[in-house]
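Protein chains: 4
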Amino acid sequence: MTERPLRFGLIGTGRIGRVHAASIAADPDSTLAWVCDPIVEGAHAVAERYGGTVTDRADELFASGEVDAVLVASPTPTHVELIERAVDGGIPVLCEKPIDLDIARVEALRPKIAASGVPVAFGFNRRFDPAFASARARVAAGEIGDLEQLAIISRDPAPPPAAYIAVSGGIFRDMTIHDFDMARFFVPDIVEVSAIGTTTFDAGAREHGDFDTAVTVLRAASGVIVTITNSRHSAVGYDQRIEAFGVDGMLQVANAGTSLVSLSTARAVEAKPPYEEFFLERYASAYAAELHEFIRLVRGEPSTSPTFDDGRAALILADAAQRAATEHIVVQVDLA
Amino acid sequence: MTERPLRFGLIGTGRIGRVHAASIAADPDSTLAWVCDPIVEGAHAVAERYGGTVTDRADELFASGEVDAVLVASPTPTHVELIERAVDGGIPVLCEKPIDLDIARVEALRPKIAASGVPVAFGFNRRFDPAFASARARVAAGEIGDLEQLAIISRDPAPPPAAYIAVSGGIFRDMTIHDFDMARFFVPDIVEVSAIGTTTFDAGAREHGDFDTAVTVLRAASGVIVTITNSRHSAVGYDQRIEAFGVDGMLQVANAGTSLVSLSTARAVEAKPPYEEFFLERYASAYAAELHEFIRLVRGEPSTSPTFDDGRAALILADAAQRAATEHIVVQVDLA
Amino acid sequence: MTERPLRFGLIGTGRIGRVHAASIAADPDSTLAWVCDPIVEGAHAVAERYGGTVTDRADELFASGEVDAVLVASPTPTHVELIERAVDGGIPVLCEKPIDLDIARVEALRPKIAASGVPVAFGFNRRFDPAFASARARVAAGEIGDLEQLAIISRDPAPPPAAYIAVSGGIFRDMTIHDFDMARFFVPDIVEVSAIGTTTFDAGAREHGDFDTAVTVLRAASGVIVTITNSRHSAVGYDQRIEAFGVDGMLQVANAGTSLVSLSTARAVEAKPPYEEFFLERYASAYAAELHEFIRLVRGEPSTSPTFDDGRAALILADAAQRAATEHIVVQVDLA
Amino acid sequence: MTERPLRFGLIGTGRIGRVHAASIAADPDSTLAWVCDPIVEGAHAVAERYGGTVTDRADELFASGEVDAVLVASPTPTHVELIERAVDGGIPVLCEKPIDLDIARVEALRPKIAASGVPVAFGFNRRFDPAFASARARVAAGEIGDLEQLAIISRDPAPPPAAYIAVSGGIFRDMTIHDFDMARFFVPDIVEVSAIGTTTFDAGAREHGDFDTAVTVLRAASGVIVTITNSRHSAVGYDQRIEAFGVDGMLQVANAGTSLVSLSTARAVEAKPPYEEFFLERYASAYAAELHEFIRLVRGEPSTSPTFDDGRAALILADAAQRAATEHIVVQVDLA
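Residue numbers (the numbering used here), protein chains in the order written: chain B, 1 to 336; chain A, 337 to 672; chain D, 673 to 1008; chain V, 1009 to 1344.
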């Protein structure tokens, strides 16, 4: 740790960009050197709090010679171009998911990244959640024997605005994408996808031809079956659970409760409130760990950062699920 | 309750037949009048404990004029003929699931039963489990608002012998059939079935072309999605859970623990042993309630006994799942 | 088990008497031969259901020559005389707690019982509760190392009528007596008693100078400290828990929940209703086990039935607690 | 919050002093201005990390004119003199518990503090634990009706060194002191104390005539009974629980688990590891809240900081418990 902190250029200062800014400032191995947002007020607000030179043009950031790594938290359609520019400049990049909504653009970018040798990582933060990481490590350590079934439950507290739905690429590419990566975190070799989607409560989803509820089932070459249960709403709060079932037992990751206090009365035994609020709180430590793992990757240390190919695989699965749910078929996939 | 107890003829004295014999003897509204089994030693053993005249020929039982109702617990291939004979004789019948492994024979029997007016009920005992019944009643009472997703987890402790697998009709018709009925207990209007089956641990299943692990997803006309997770084994013990997710919340049915005692040490907090042992124990009270509900049906009182059409619907879903899993397709069904 | 069933004479057919009648009838090793109650209608009601000759005079029962054992479930003031008569007749007796409210009468009876060699057992049914028995066995097996602290929580759902309080001997002799025996089940060698009682909610207790709330602390010669927490009411339901704390860990016995179903909503995660209802339900299996253990004692088989000296020790502790709470002192005791 | 941050002088840079230094640095309303420790290396280490001028003499800190408040985290025997000096200088002080081991010195200091009007607060951090604070607020809000019994369980993971025991003042003044304050947080009007202490496992405690295990029972004028269960060790980890029992129900504060992951196997259902590690982790947020509440006190804003009289009351209760346990008596106390 005697190395000098990594100087980050942050592109995008929306909600998730601000989370990363805070992580960069808090990690002793990184500093915020440049902050870029076309809505320059956002960049100024971030820089005032965490430091960094402000710009509204990514060009300037890349040309500065003052950034050792770029963190891309801008809207999805800008990701491919910004990754390309970073790789061209030999600058490592940590990019928010998804790479793009169009797999063709992803495939086109793939050879360049492979050839470049420049570290490129993707923001699948849940891999770094202590509970999920521990469950996966314990499965890998054989605590439940061979894995046979994996159930991922992932429900958001409330649906996003209709305007967001319109450009999101649909529930599978926008929301389930995290669960596809989580599935592959435990079981990389997925070969078959089936999915059912329905639209029962969200007017925004209905308006834009999207689903608000979905169940996706994945089959791995090894025979492991993964079930992903999604909903765009959850009265109970953010519902993020995993159940790994194996030959010798079962590992369960429960929701994060927010209180140690429970009340028993004549009517009931209750703990309130039910679950941890939304994702910034639930995954706060995961974002910090994700950043630090990327720093290790940049430094050439052993790292478990999700790769470009992890990002590509998640998108292929999302496309397959979208097709399965829309056409009522089972879709075979090749993630190689 | 001033009516005289119902005189039962029991056909079949294997494991499940003996459970029913005990229930008949214990219910103040029923007595065991005749006991039939071609392996007559079994019939004698039951009659010694719970009373009743013994025979190895069903003919004799039907001709006796001493049975008010028949309980069919013999092997599946005999069910259709025994039901038919009972109905012809005007004798109400409670038959163990499934009706038959061949839907064609079920469809052929259907009009006769409908025309006869004789009460025919099927042994989907889980509807009578206090926990599942309570969850369903609470869903119906609106405690979680409109139902959107239902997850049924159903895993047996250990696979049956290969010889049983050979004549079982496969995991969907033999094991999931209970879960199909449970699905319809909550959500009757199923229209679409997808299913993935794998064979990862059981040599008997492999030998007979069966699956040992399966996930089935059902879509209802209303948009509700049902997920059924099955395994032929479970190191943890009999794993029988339900999660009903609705607009306003979630109802969960946990596994039945067998101990109030938990141990905390430097390594862990543990409760042992994990779950209730196999189905006779887990569903003991359900079998008794099932019998009593059938008695009410016979007496013309309001009853929730599963009907012939419930048995037929479960078999149609099982056939559809078998096809979906084998051909890797999504299957549309019509339960009308 | 080829011995002929034990013929019981039951004296007293109030609530607890009827429980014992049902246990006697259900145990294959016992039958109900005689039923006695001065309110002879109660005896008739029991005999109609479980069999037995009816009388309103205990004399007749003892003189019949048809009882192999007596179960005394009559009011406390009759216990000493009935025990004495049984012992004089060489008839084993299982007597409900407490022996008597006056320790002098107990001490006076003690030598006769010791000299007689007739089996005399007391109804401390909680020793036979599967959870408590398991916890004690696991402590004895060393699962938590040397025991250091034991916490017993024992709260009734609601206070008894004032008329019952008037003759109960006070909370320590009437209610805590069970907990004193439970304390001694884990830690026999108690040498010191302190107790605080208050009267905060029950008019009946106030009227008769009794406490409705109490905490008793016992010190054993070995240094183990036992804490007993009592209340005459509990909105949550019957509250019966134990926590055994040792060098290597902790064993906890939770309350018996009555449902596997839990509801999660935007406000709370709740399981309802909270706890098992009153003692006949909570300890149903304990009463049956208690009876069977007594049958073993009568037959000369190894038995863990609580003895006369266990009943005496509990009363000595109750007297000490009463004095400690009333005089605000710490009381030394000698249970030898 | 437009006020300038409060400049703190920190006296004492041991374990707890460093916790406070971190809190002072992290709170936007405070800065670390001076750091004092006779072992000046400790002061330098703190100042390097969190800022501040270093000295080994408290005189210099007080004379600097650069501290708006003093945080006393030095050894107990120095507390009274440092508080006095701060009050003489009109400087608010937040002092670690206990005030002193000698109640006479505390009583002597009391009038001066009362007369001075200088804010003096004590470090009973547990009042600021979110779970305990919530439980107390919910009791105050009437969620369980009138409070009748309060159980505090407080066990450390492992005993301190014998050298620490020697100067600690004994378990009641050193460890239970926190629980006495917690008892008074819920029930201020304590009038009676009984206590049993034993020494069963710790050689250090035995050597210095101290107890390693204790149960203390407090009675309030209102009739509420408080039970405090202590041990100097706990294999399970830091054991910090509260159970408040009232007319309408019960509020329970569970131990803080460190993992959302649980494992079910053929033998058991277990969550590991059991409980949150030691107090700096368990009460991290409490220390920060405690500091902030003191800042509010200094600024004249409404504050719930424990007062000098709270510190005095806890010591009186500790003295009473020590006497009760040693002399085997019940002790009446007057906290007015």
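No lab work stands behind these hints: they were computed from the structure. What you are looking at is a predicted structure, and each value in this text was computed from that prediction instead of being measured. Built from N, CA and C at the ideal position, the CB exists for glycine as well. One should not assume that every hint holds.
Residues from chain B shown here face chain V by an in silico Cβ test under 7 Å; the list is partial [stated by the list, open to error]:
{"#": "1", "residue": "Thr31"}
{"#": "2", "residue": "Ala133"}
{"#": "3", "residue": "Ser134"}
{"#": "4", "residue": "Leu260"}
{"#": "5", "residue": "Leu280"}
A short list of chain D residues far from chain B (calculated; beta carbon distances all over 10 Å) [what the hints assert, rightly or not]:
{"#": "6", "residue": "Ala719"}
{"#": "7", "residue": "Glu779"}
{"#": "8", "residue": "Ser936"}
{"#": "9", "residue": "Thr937"}
{"#": "10", "residue": "Ala938"}
{"#": "11", "residue": "Glu942"}
{"#": "12", "residue": "Ala943"}
Task: Violations among the numbered hints - done: Violated: hints 1, 2, 5, 8, 9, 10, 11, 12.
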